[in-house]
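Participant: Listed here are the chains, written in short residue letters.
There are 2 protein chains.
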Amino acid sequence: MAKDKKLVEAITAMDEDFAQWYTDVVKKAELIEYSNVRGCMIFRPNGYAIWENIQKELDRRFKETGVENVYMPMLIPESLLQKESDHVEGFAPECAWVTTGGNEPLEERLCIRPTSETLFCDLYSKIVHSYRDLPKVYNQWCSVLRWEKTTRPFLRHMEFLWQEGHTAHATSEEAEERTIQMLNVYADFCEEVLAIPMIKGRKTDKEKFAGAEATYTIEALMHDGKALQSGTSHNFGDGFAKAYGIQFTDKDNQLKHAFQTSWGMSTRIIGAIIMVHGDDSGLVLPPRIAPTQVMVIPIAQQKEGVLEKATEVYESLKGRFSVKMDDSNKSPGWKFSEQEVRGIPTRIELGPKDIEKNQAVIVRRDTREKIVVSLDNLADELEHVLNTMQAEMLERARTHRDAHTYTATTWEEFTDTIENRPGFIKAMWCGETECEQEIKDETGASTRCMPFEQECLSDVCVHCGKPAKKMVYFGRAY
Amino acid sequence: MAKDKKLVEAITAMDEDFAQWYTDVVKKAELIEYSNVRGCMIFRPNGYAIWENIQKELDRRFKETGVENVYMPMLIPESLLQKESDHVEGFAPECAWVTTGGNEPLEERLCIRPTSETLFCDLYSKIVHSYRDLPKVYNQWCSVLRWEKTTRPFLRHMEFLWQEGHTAHATSEEAEERTIQMLNVYADFCEEVLAIPMIKGRKTDKEKFAGAEATYTIEALMHDGKALQSGTSHNFGDGFAKAYGIQFTDKDNQLKHAFQTSWGMSTRIIGAIIMVHGDDSGLVLPPRIAPTQVMVIPIAQQKEGVLEKATEVYESLKGRFSVKMDDSNKSPGWKFSEQEVRGIPTRIELGPKDIEKNQAVIVRRDTREKIVVSLDNLADELEHVLNTMQAEMLERARTHRDAHTYTATTWEEFTDTIENRPGFIKAMWCGETECEQEIKDETGASTRCMPFEQECLSDVCVHCGKPAKKMVYFGRAY
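Quick note, the sequences are listed as chains A and B, same order.
Start counting the first sequence at 1; every next residue gets the next number (the numbering used here).
Start counting the second sequence at 1; every next residue gets the next number (the numbering used here).
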């Protein structure tokens with residue numbers, strides 16, 4: 001058994017060192033490998049397959065709302081980046097610059113896109129002329145690059161994968177509607193598919209996107225009580241349109257600037273899946289996002305008839321689930337460990353005694369519950385188990401989050417909570433950036449969002465005592 | 001009618017100026033828009049949707065052969081690129097170099113990937129240790145960048161989209177098998193889905209990939225008689241493995257170098273679709289790759305009941321085909337033109353008289369044939385039309401290619417053909433690079449491939465008269 005346990009033993013316990021646990025899981029589940037370029041990571045097959053499933057599901061949801069996909073160049077001329085002043089100020093320090101092409105120095109240096117607002121604006125300025133050309137609801141799946149100082153797998157890479165939607169509308173109302181619509185697409189996707197409950201709200205001015213009028217966010221709570229910003233949706237008003245000259249002739253024959261939005265979700269969300277659902281044995285993937293939902297593992301496979309029966313079971317499940325069979329020469333215990341580390345939601349154990357009784361054992365990855373089922377209705381039972389698991393994982397995550405969401409009406413309560421009870425803190429805030437910055441400096445807690453569901457916890461700001469304007473979720477964040 | 005014809009009239013006739021016809025189609029079908037960076041193009045929704053369909057279909061075929069997808073960094077350190085000498089010599093002149101990150105100059109400059117052999121090799125050197133770790137059959141979908149002097153939509157961009165497969169194997173035989181297997185995947189895909197017949201063969205040493213032992217290619221003939229290399233598959237032997245240190249302990253306990261392959265198909269293939277199937281009215285998309293297969297166009301839609309019936313028809317087709325309805329206020333003639341320019345394979349015309357007779361008219365994009373069908377079995381009829389069209393487009397392309405494939409056994413025949421009858425020329429060749437270069441210098445025709453199906457046309461080289469070693473397809477190429 002010693003050998004069988006090696007995989008699991010190589011993972012640091014969560015409670016001992018959460019950061020090391022995270023790194024171990026990423027490595028042992030073979031999700032990420034480090035590359036030769038600092039901060040650039042390799043998405044290995046197990047990691048990339050999760051992203052492919054995220055793409056498939058999100059892309060379908062996007063297209064149902066009328067989104068069209070495009071692909072824009074990865075290089076942005078410096079002069080184009082500079083047209084919107086807040087935007088360039090926010091991103092220029094993070095740019096990687098191309099200065100030589102072929103063997104020649106370039107007249108103007110080119111930035112590898114840190115985000116593509118400027119390119120979409122430039123395109124819209126060329127192809128939008130009349131209200132009939134609106135709305136434009138474009139999206140692209142691509143990688144972007146930001147010159148980060150410190151990086152961590154999934155959570156912060158120099159180069160990461162994402163989608164970025166960019167839209168243009170004839171009215172301010174329509175832009176706001178689209179901004180909220182896409183935030184809801186993200187939140188619903190995370191709850192229904194990733195089993196991660198989200199707090200929806202608006203970012204403070206300090207935390208909003210460079211160049212945006214309003215940034216909306218979905219925020220999740222990780223197992224260690226830290227917050228993770230999981231997706232954002234920005235309303236630009238007509239600020240970018242003015243900077244980039246996106247004008248159209250409206251129905252009333254007046255020349256107007258378009259109203260714009262942008263919204264993105266990245267491979268960072270895979271970090272959330274790991275840190276919300278994982279345990280000391282490794283990754284735990286919700287069935288609806290798992291590249292492999294069930295691993296068939298024959299027991300005593302050298303005995304007559306076992307492999308044949310296991311293959312029969314595997315074949316019978318293939319059309320309905322994403323299923324694999326591990327008929328390698330490794331011991332069953334080793335196979336269990338591998339399936340567990342990789343977070344495959346269920347395994348089906350099938351040995352000579354099971355076959356005798358016309359049964360199999362379904363083992364849930366999250367609870368380790370063993371469910372003995374008849375082979376006659378294995379597929380239906382499996383579907384039931386996967387659905388139950390999906391629902392219970394969401395419930396468990398919600399319960400954990402709610403149990404780690406605190407309220408503070410005094411500064412003493414606030415500091416005591418942040419030090420001793422990691423989680424979200426709901427508290428009242430005066431609305432001033434200076435006060436927000438002081439809270440962060442003193443406690444390390446930032447404003448996560450001003451939630452759509454406001455409560456009045458008190459009349460005064462938890463920090464400065466001035467009249468309160470908003471209830472805010474605070475937290476230490478990744 | 002003048003206005004209705006505007007779209008079509010804006011397209012130069014093929015026979016008048018093929019290059020201009022091509023550019024016009026790309027522009028009028030809204031496939032590509034030029035960006036602010038020279039040679040970097042924007043894939044607009046109509047263009048990108050074709051690529052999405054190509055990806056979906058190719059990716060499915062890849063996975064059926066055991067391919068796993070990954071994602072590698074876009075930046076390659078200069079020192080890593082330099083490890084394989086042929087490879088760096090081939091690609092260094094085309095590299096874009098990042099020299100500044102954030103605001104700091106870099107110690108070592110980084111190249112934006114022109115291709116990713118070096119990164120895959122580096123990964124394999126870390127994760128391949130034993131024969132049990134082999135084979136590795138990885139692929140990535142990404143963009144690559146090559147600093148080209150002249151560019152044309154789809155055919156040659158600085159940045160283009162592609163997939164690049166990279167594999168490692170325990171034996172030379174297995175690597176060769178995989179190389180040919182992937183070439184066949186490409187050829188089958190092109191014939192079955194894109195309706196483009198391919199010549200399969202091997203590249204000469206002069207034309208092979210930088211660092212490869214053997215490069216295999218599929219070559220297509222465009223409408224103007226020029227050749228287009230449409231996909232390549234390379235056998236690297238153990239050359240890269242030696243340069244990058246990819247070693248494994250084999251079953252016999254000996255340390256050996258792995259054998260490798262790589263293979264790619266790019267957005268260039270969209271250029272082939274345009275130039276093989278297009279006509280003077282614009283794009284013609286084969287039904288199996290068309291993002292929209294049928295456009296429902298109501299005639300006299302202001303009349304009572306027309307829009308209702310058209311909507312009913314549209315709804316009835318939706319699950320089975322990719323269908324759109326054009327119920328805008330434009331005239332039917334204008335709608336026809338738009339559907340034709342965009343290459344949508346069929347339209348369904350439905351007017352008051354049709355409704356009276358319980359019928360609709362299916363119009364084929366390629367032949368313009370009008371097929372009157374009963375509304376009672378519209379879907380079956382449409383499927384039949386689409387299948388017939390797909391098959392006939394392939395046949396037409398094959399007939400065109402065969403009619404423009406010539407043989408030359410004397411140099412006079414060769415030069416006469418190349419000047420007066422654009423197409424493929426089959427001819428015998430001595431196998432010497434110097435002679436090959438002379439042929440190219442004198443005629444502009446390059447060796448496209450040494451086809452798998454060899455014929456003996458004569459005993460001597462068509463150019464130098466030395467003993468012939470191979471029959472070669474020659475042609476002027478894009």
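There may be inaccurate statements among the hints.
It does not matter which identical chain is used: a pair holds within one copy or between any two.
Okay, derived cross-link-like pairs now, DMTMM-like style, lysine to aspartate or glutamate, Cα gap no bigger than 20 Å in a straight line [stated by the list, open to error]:
no.	residue 1	residue 2
1	Lys63	Glu52
2	Lys28	Asp250
3	Lys28	Glu68
4	Lys126	Asp459
5	Lys200	Glu177
6	Lys353	Asp133
7	Lys136	Asp326
8	Lys466	Asp380
9	Lys470	Glu432
10	Lys440	Glu312
11	Lys208	Glu89
12	Lys303	Asp59
In short, the hints are calculated from the structure, not lab data.
Participant: Look at each hint and say if it fits the structure.
Facilitator: Here's how the hints hold up against the structure:
1. Lys63 / Glu52: both (16 Å within a copy, 13 Å between copies)
2. Lys28 / Asp250: neither (57 Å within a copy, 24 Å between copies)
3. Lys28 / Glu68: Cα proximity of Lys28 and Glu68: across copies only (18 Å, versus 37 Å in one copy).
4. Lys126 / Asp459: neither (50 Å within a copy, 59 Å between copies)
5. Lys200 / Glu177: within (15 Å within a copy, 53 Å between copies)
6. Lys353 / Asp133: neither (68 Å within a copy, 33 Å between copies)
7. Lys136 / Asp326: Classified as between; 18 Å across copies, 48 Å inside a copy.
8. Lys466 / Asp380: For Lys466 and Asp380, neither the intra-copy (59 Å) nor the inter-copy (72 Å) Cα distance is at most 20 Å.
9. Lys470 / Glu432: within (10 Å within a copy, 80 Å between copies)
10. Lys440 / Glu312: Intra 59 Å, inter 59 Å, cutoff 20 Å: neither.
11. Lys208 / Glu89: Within. Shortest intra-copy distance 13 Å satisfies the 20 Å Cα cut-off; inter-copy 46 Å does not.
12. Lys303 / Asp59: neither (46 Å within a copy, 38 Å between copies)
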